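Chains as they are written, first to last, in my numbering: chain W, 1 to 173; chain B, 1 to 184.
Calculated from the structure, these hints are not laboratory results. You can take every hint at face value.
In silico lysine to aspartate or glutamate, EDC-like type, Cα no more than 20 Å apart, as pairs:
{"id": "1", "chain 1": "W", "residue 1": "76", "chain 2": "B", "residue 2": "106"}
{"id": "2", "chain 1": "B", "residue 1": "130", "chain 2": "W", "residue 2": "57"}
{"id": "3", "chain 1": "W", "residue 1": "72", "chain 2": "B", "residue 2": "124"}
{"id": "4", "chain 1": "W", "residue 1": "29", "chain 2": "B", "residue 2": "94"}
{"id": "5", "chain 1": "B", "residue 1": "154", "chain 2": "W", "residue 2": "57"}
{"id": "6", "chain 1": "B", "residue 1": "154", "chain 2": "W", "residue 2": "65"}
{"id": "7", "chain 1": "W", "residue 1": "69", "chain 2": "B", "residue 2": "158"}
{"id": "8", "chain 1": "B", "residue 1": "69", "chain 2": "W", "residue 2": "57"}
{"id": "9", "chain 1": "W", "residue 1": "48", "chain 2": "W", "residue 2": "155"}
{"id": "10", "chain 1": "W", "residue 1": "48", "chain 2": "B", "residue 2": "126"}
{"id": "11", "chain 1": "W", "residue 1": "100", "chain 2": "W", "residue 2": "144"}
{"id": "12", "chain 1": "W", "residue 1": "48", "chain 2": "B", "residue 2": "102"}
{"id": "13", "chain 1": "W", "residue 1": "161", "chain 2": "W", "residue 2": "66"}
{"id": "14", "chain 1": "B", "residue 1": "154", "chain 2": "W", "residue 2": "64"}
{"id": "15", "chain 1": "B", "residue 1": "112", "chain 2": "W", "residue 2": "89"}
{"id": "16", "chain 1": "W", "residue 1": "48", "chain 2": "B", "residue 2": "155"}
{"id": "17", "chain 1": "W", "residue 1": "76", "chain 2": "B", "residue 2": "124"}
{"id": "18", "chain 1": "W", "residue 1": "72", "chain 2": "B", "residue 2": "158"}
{"id": "19", "chain 1": "W", "residue 1": "72", "chain 2": "B", "residue 2": "126"}
{"id": "20", "chain 1": "B", "residue 1": "128", "chain 2": "B", "residue 2": "103"}
{"id": "21", "chain 1": "W", "residue 1": "171", "chain 2": "W", "residue 2": "64"}
{"id": "22", "chain 1": "W", "residue 1": "48", "chain 2": "B", "residue 2": "103"}
{"id": "23", "chain 1": "B", "residue 1": "152", "chain 2": "W", "residue 2": "57"}
{"id": "24", "chain 1": "B", "residue 1": "112", "chain 2": "W", "residue 2": "36"}
{"id": "25", "chain 1": "B", "residue 1": "112", "chain 2": "W", "residue 2": "144"}
{"id": "26", "chain 1": "B", "residue 1": "112", "chain 2": "W", "residue 2": "88"}
Selected chain W positions facing chain B (Cβ under 10 Å, derived; list incomplete):
{"id": "27", "residue": "35"}
{"id": "28", "residue": "40"}
{"id": "29", "residue": "41"}
{"id": "30", "residue": "44"}
{"id": "31", "residue": "45"}
{"id": "32", "residue": "47"}
Since the structure is predicted, the reported quantities are computational estimates derived from the model, not experimental observations. Positions of the beta carbon are idealized from the N, C-alpha and C atoms, including for glycine.
Next come the chains, spelled out residue by residue.
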Amino acid sequence: MKYFKLMALCGVLLVSFTQAQAQANAIDKYFSQYVDDERFTVVYVSSKMFQLFDRLDVGGLDMDEEESKIVKNIAKDLRGLRILSADEDGLALYKEAKSKISTQEYEVLMTVRTNDGENVDFLIKDNDNIIEELLLLVGGEDDEFALLSFVGRLDLNSIVKLANSMEEDKKKE
Amino acid sequence: MKLHTLLVFAISTLLLASCNSTKTLDNFYEKHKKEEGVTNFKLPGWLVWIGTGMAYHSIRDREVRMALKMAKKVKTMQFFTTEGDYEVSRAEIDALVGNLKEESFDELLYVKEEGTQVNVMVRDTDTKLKNILLLVEEEGEFTFISMKSRLKYKDLSEYISYYVNDFMGNKPVKKKDKEDKPRA
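Whole structure, please, built from the sequences with the hints as guidance.
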């Protein structure tokens, strides 16, 4: 009976892992599907680029040492930025991308629909206080489409710290 | 006189041979360089150093001087471009990028827009960028610029800070002049 329970638990874990993998692949597949499509503009900024920020010590950004440390901490955990945009079939592409996003995995932060038929969806995939992916989806009747995916580990506590520090600086001024 | 000419030739050949780079790039370069429609050259480090050094001392513009200061950190440079009927296939470019990744090159940035594809790749250590590579494919024409550098992150920080300060309208931080030191 003990072994049966253990096996059942392993089964459940395996299924959840496979589902998570499948979801990650859905967005990945969407990018792969259109990466060679001439209609699309594709931008990919790798994790290496973000790691470089960690090694740089850029002055003049109006940040104190503490802020600079937090920003570097945030940047070093980013794994990449992918942008896919097109100037045609905006609504169809928006609907297709949206159909691939699982509502179990992603939480909607904000949705905007303008009176000229443009849709903007801002979604996140998170785990406790860590945001694993920020997804921005834009598309509508004016034919413009954009999908922006920020992948990495965005620690909400770090972001709050940074915001507080900047707020304090403002007050001092 | 003959010996002198031979010596100059031997040294130049050695310096050029020491130019750059990686096995993958070298193989690619060797394979295509003699084809019609291919323009290519290698600049040895000493030439880059002398060229940028001379320009640095004769130019007063601060921005250009800053750029030249960075250019002095380039050890060697390799340029390759195709035009006309000669085409490097997409599959070959993909293989080149793949092999470079196996040689510890990291992709920094990839942009594709209307038939133009740009890849920026680097190979680095903890303190400096060893190789910087720019690959551009545009309407059947393929170009790569490969630089072997001794660009330290410290230099890069200084360079970026300069432009950030310039953009934000901050005054550049000047190093203390000798005059600032108290005189005995």
